[in-house]
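Starting from the two chains in their separate frames, assemble the complex, guided by the hints.
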Amino acid sequence: MPSLRTILTIFRRELRSYFNSPVAYVVIVVFLAIVGWFFSSNLFLMNVASMRVVFELVPLVFLFFIPAITMRLLAEEQKTGTLELLTTRPVRDSEIVLGKFLAAWVLVAITLLPTLLYVIVLAFLGPLDIGPVVSGYLGLLLMAAVYVGIGLLASSFTENQIVAFITGFLAILALFLLNKVLIYVPEGLASTFEFLGIDFHFSNIARGVIDSRDLIYFAALIGFSLLLAVMSLERRKW
Amino acid sequence: MAITVRNLVKKYGNQAAVNNISFDVRTGEILGFLGPNGAGKTTTMKILTCYMPPNAGTVEVDGLSISDHSLEVRRKIGYLPEMNPLYYDMNVLDYLDYAARLQGMSDAAIPGKVKEMVGVCGLEDVRHKDIGELSKGYRQRVGLAQAMIHDPEVLILDEPTSGLDPNQIVEIRKLIRQLGRAKTVILSTHILSEVQATCDRVLIINEGAIVADGTPEQLQRQFTSGETLTLEVKTGSADPLEMVAPKLRILAYVKNVTLLSRHDGVSRFELDVEKGADVREATFRLAVSENWVLLEIHRKATTLEDVFHKLTLS
Chain L
1 MPSLRTILTI FRRELRSYFN SPVAYVVIVV FLAIVGWFFS SNLFLMNVAS
51 MRVVFELVPL VFLFFIPAIT MRLLAEEQKT GTLELLTTRP VRDSEIVLGK
101 FLAAWVLVAI TLLPTLLYVI VLAFLGPLDI GPVVSGYLGL LLMAAVYVGI
151 GLLASSFTEN QIVAFITGFL AILALFLLNK VLIYVPEGLA STFEFLGIDF
201 HFSNIARGVI DSRDLIYFAA LIGFSLLLAV MSLERRKW
Chain P
1001 MAITVRNLVK KYGNQAAVNN ISFDVRTGEI LGFLGPNGAG KTTTMKILTC
1051 YMPPNAGTVE VDGLSISDHS LEVRRKIGYL PEMNPLYYDM NVLDYLDYAA
1101 RLQGMSDAAI PGKVKEMVGV CGLEDVRHKD IGELSKGYRQ RVGLAQAMIH
1151 DPEVLILDEP TSGLDPNQIV EIRKLIRQLG RAKTVILSTH ILSEVQATCD
1201 RVLIINEGAI VADGTPEQLQ RQFTSGETLT LEVKTGSADP LEMVAPKLRI
1251 LAYVKNVTLL SRHDGVSRFE LDVEKGADVR EATFRLAVSE NWVLLEIHRK
1301 ATTLEDVFHK LTLS
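Chains as they are written, first to last, in my numbering: chain L, 1 to 238; chain P, 1001 to 1314.
There may be inaccurate statements among the hints.
Unchecked claim - Partner residues aside, some chain L positions facing chain P, computed with beta carbon under 10 angstroms: (1) S3; (2) L83; (3) L85; (4) R207; (5) G208; (6) S212; (7) R213; (8) D214; (9) K237.
Worth flagging that the hints you see were computed from the coordinates, not collected in a lab. Quick reminder that beta carbons are idealized off the backbone N, C-alpha and C, glycines included.
Bound-form chain P, shown alone (with noise of 0.2 angstroms):
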């Protein structure tokens, strides 16, 4: 169930919250939305469902435009949307059971959907509960459960692990993964470790407009410029940068050398080193000749919270 965005603009008076997105879902694919607050997913996702109609451009899922097929489209989606609201004088069984029936189940399929979605859910113990009486963790379970109750080929997640405790964060996104094997999910987060857990490809979105597009291994090699190296040597000299630092700046690759702290003789270095070179071993031999005693030597490539940063805090 392939999902086509073309040109997507949406304004909120003068302000607008989608500015010309273009993005295409392959079958199968688990997207991840990454961006700050207000940066726009929730508004695409609201498009995408068909809760409000864009100002320009147009979304096709499986080919049905979602302002000529509204109603096909809605079939075809589950959503939860991003404050997960639910009916809170309802029980869990009859929520189900509502929900499925909206979605125009056949009377006979529904009680053993309802089953299925409870157990595959977890929500056994609590389905004859209100839905008010319910811990967050629970809540959202049901609304993972109401959103997949009709089996649709499209599940759109808004902050699907929102306010829950990183016991149940991991319990949702394993069950996002194993549900979602079979469709086309779009979530969105701004978690970035949830990313790296969850999603097969990453759209990072800022004020409005798409700022990077791939996989969450594609973005950290697209955006890495370097990496850098932490050093702790002990090396007694009492002027580390004028007796150390230059030593260091000569090795091959190494761009840059900063001193970090100097305390009884052990300074601690940052090293900034060319993309894909390795110096650790020259830094090592370096050591050896020299007679410092290495405390401690550190490599650190970048990350997505990296990309993430250099891309939305501009």
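Bound conformation, chain L alone (with noise of 0.2 angstroms):
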């Protein structure tokens, strides 16, 4: 059984990390004024005073910012050696994984934090349908966790960081891509195809249905990718 005071360790030094680099204060800065900037054009020019133009840009962003926060999470401990200092002390491979992915993952809900901003705002602007602003955070918190655990799995095959980047990109967006594409796939995978792509999913959620087999898909694949990550570590081992 993985241990929850070792995983918290492991989480809060990946934490302060980024908050010690430049690499946390950059993302969230140049994340808030892309959102920022959509969100009150959409105010102020279009007379649109909605979330819904906040949780349709940000699973794009997700895309490429995401990949930024977890390129290093491994690939950096790899290049400089620390992985085994780290893998020769009492912590078990999964402990290292879990606590390096809370850690990412909590910094993508900082940086969507502000964003509650924006809510505020829509509130003293007119009546807010509160529902559907929790399931939106709470797609976008899913489907980061789901991005989170598949750039952690690409930062965990190479110590090239720019590697990790590209692969974790790549694998993302093909996994959003999915249930955008069905026009070119043959009929009878359109439907798989259509379950499989991610945005589906979030979309199910952001529209305030909560089911549980979209609750499952993004289970399935953080776990998934979380055990690909553990198994790709034991590789020293092989």
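Here it is as structure tokens:
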């Protein structure tokens, strides 16, 4: 059984490491600038007061933001050799993977936090249906978790952060595009492709329909990518 | 905390980095791994620290197998890897705290222990600095401090003094001796004087196999085939090879005489002498009776260096 204390120790170090370097600040500032620009231009130029633009835009921004956050997680430790030190302590590989996963995921959540300001602005402007907002954020967090899992897996394969970024980005992009290329897919496979596409499940949840099938989809993808990352760490033993 | 290694084999592809190594380390012993680069020292250490499993063979630390009780074994071991990898973005105190936590120390015990290691390893002046800003000597001390933070019974140090200046080397060796008193220590090096200065016992490894095992003195004795005497005499003879060398050669215990140089009637010889014999006095008396002027006489015993060359150059 992975120990929670060890996971939290690794989690804390990773999160602090983001904030000790420019990474966290660059990510947060650029993210908020992009999302804020779209939100406010919608609000002031188009006179649309809605969170919809945020929930449509953020999944696209995540596509390249999350691989940028996750690329160093394991690649850097492999390059500098600190992974050897980490794995020769009484620490399980699963604890390393979970701690790092949580750190990157929480960084994404922290990045999303200031966008709650938009919700407050909207609430002042008029009556706000809070249900879709809550489910929209839930969808974003689940989607982010899948992306972080895949990014972490990509980072475990290599000691080169650029390679980790590119492979992570491509894997996430493929997952994102699966239900957008249905017209090119044989009819028999279309429903499978749709079900595998992450955006399909995200929009289900964002619409406020919390179906167990969508939750299972997210849980399975997160679990699968983390499991593969643990196995990838263990390849030193092959 | 005894360590038992039996028939260890590790292959990278078809190349055996470690080829059927067996040895024991007793509690409290400081064992030196000596060998040329690529001999298999680091690989053996990586197996002992549970970083990677062997292809064959067993390792037991305090009776616990590294394959079945990996976590328990890792709790007992402190490890300083070859390149001393550290997180450059952490400061010294935070890093030691992190290391202590990962070793499973209790929250209450950590601050005291961190403080103690900072004191023992001489890190007071830099404790709030980022590791990336430290000099190599200080980084090495941080590496030792993290290895010993949980008071491990076994210390495994892979080239603990590499890249340090001579003063720092002396200091780190002193530290290892001091801290190693109550621990079982395995350290690897390719610096011969280091072994003589710090280790109770030496294993010489070459091409993945153990070629010698013993105390530095034992090895010197065991691999001594004899000693050499260097002699410089002024004989005035124009042909020392004909006139002087034969007289030296008939001295008791002298096996061979070589003329090294000659210059203005001064000749330099090297005498190979049988093991354990001292022919200096006889040489002196010979010089007196022949009326030679003895300018220099120098006896050279086999050093650990000679043993090392002999065993690893073949």
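Consistency of the hints with the structure:
Here the hint on S3(L) is kept, as its CB sits about 8 angstroms from the closest CB of chain P, short of 10 angstroms. Evaluation of the L83(L) hint against chain P yields a held restraint, the C-beta minimum of about 8 angstroms falling below 10 angstroms. A hinted interface residue such as L85(L) counts as satisfied when its beta carbon comes closer than 10 angstroms to some beta carbon of chain P; here the least separation is about 6 angstroms, so the hint holds. Interface restraint check for R207(L): the shortest CB-CB distance to chain P comes to about 42 angstroms, outside 10 angstroms, so the restraint is violated.
Taken as an interface hint, G208(L) does not check out: its beta carbon lies about 42 angstroms from the nearest beta carbon of chain P, beyond 10 angstroms. Using the Cβ-Cβ criterion of 10 angstroms, the hint placing S212(L) at the interface with chain P is not satisfied: the shortest such distance is roughly 36 angstroms. Interface restraint check: R213(L) against chain P, minimum CB-CB distance 38 angstroms, threshold 10 angstroms, status violated. Given hint, D214(L) at the interface with chain P, is violated; its Cβ is 37 angstroms from that chain's nearest Cβ, farther than 10 angstroms.
This hint holds: K237(L) has a C-beta 5 angstroms from the nearest C-beta of chain P, less than the 10 angstroms allowed.
Of the numbered hints listed earlier, those contradicted by the structure are 4, 5, 6, 7, 8.
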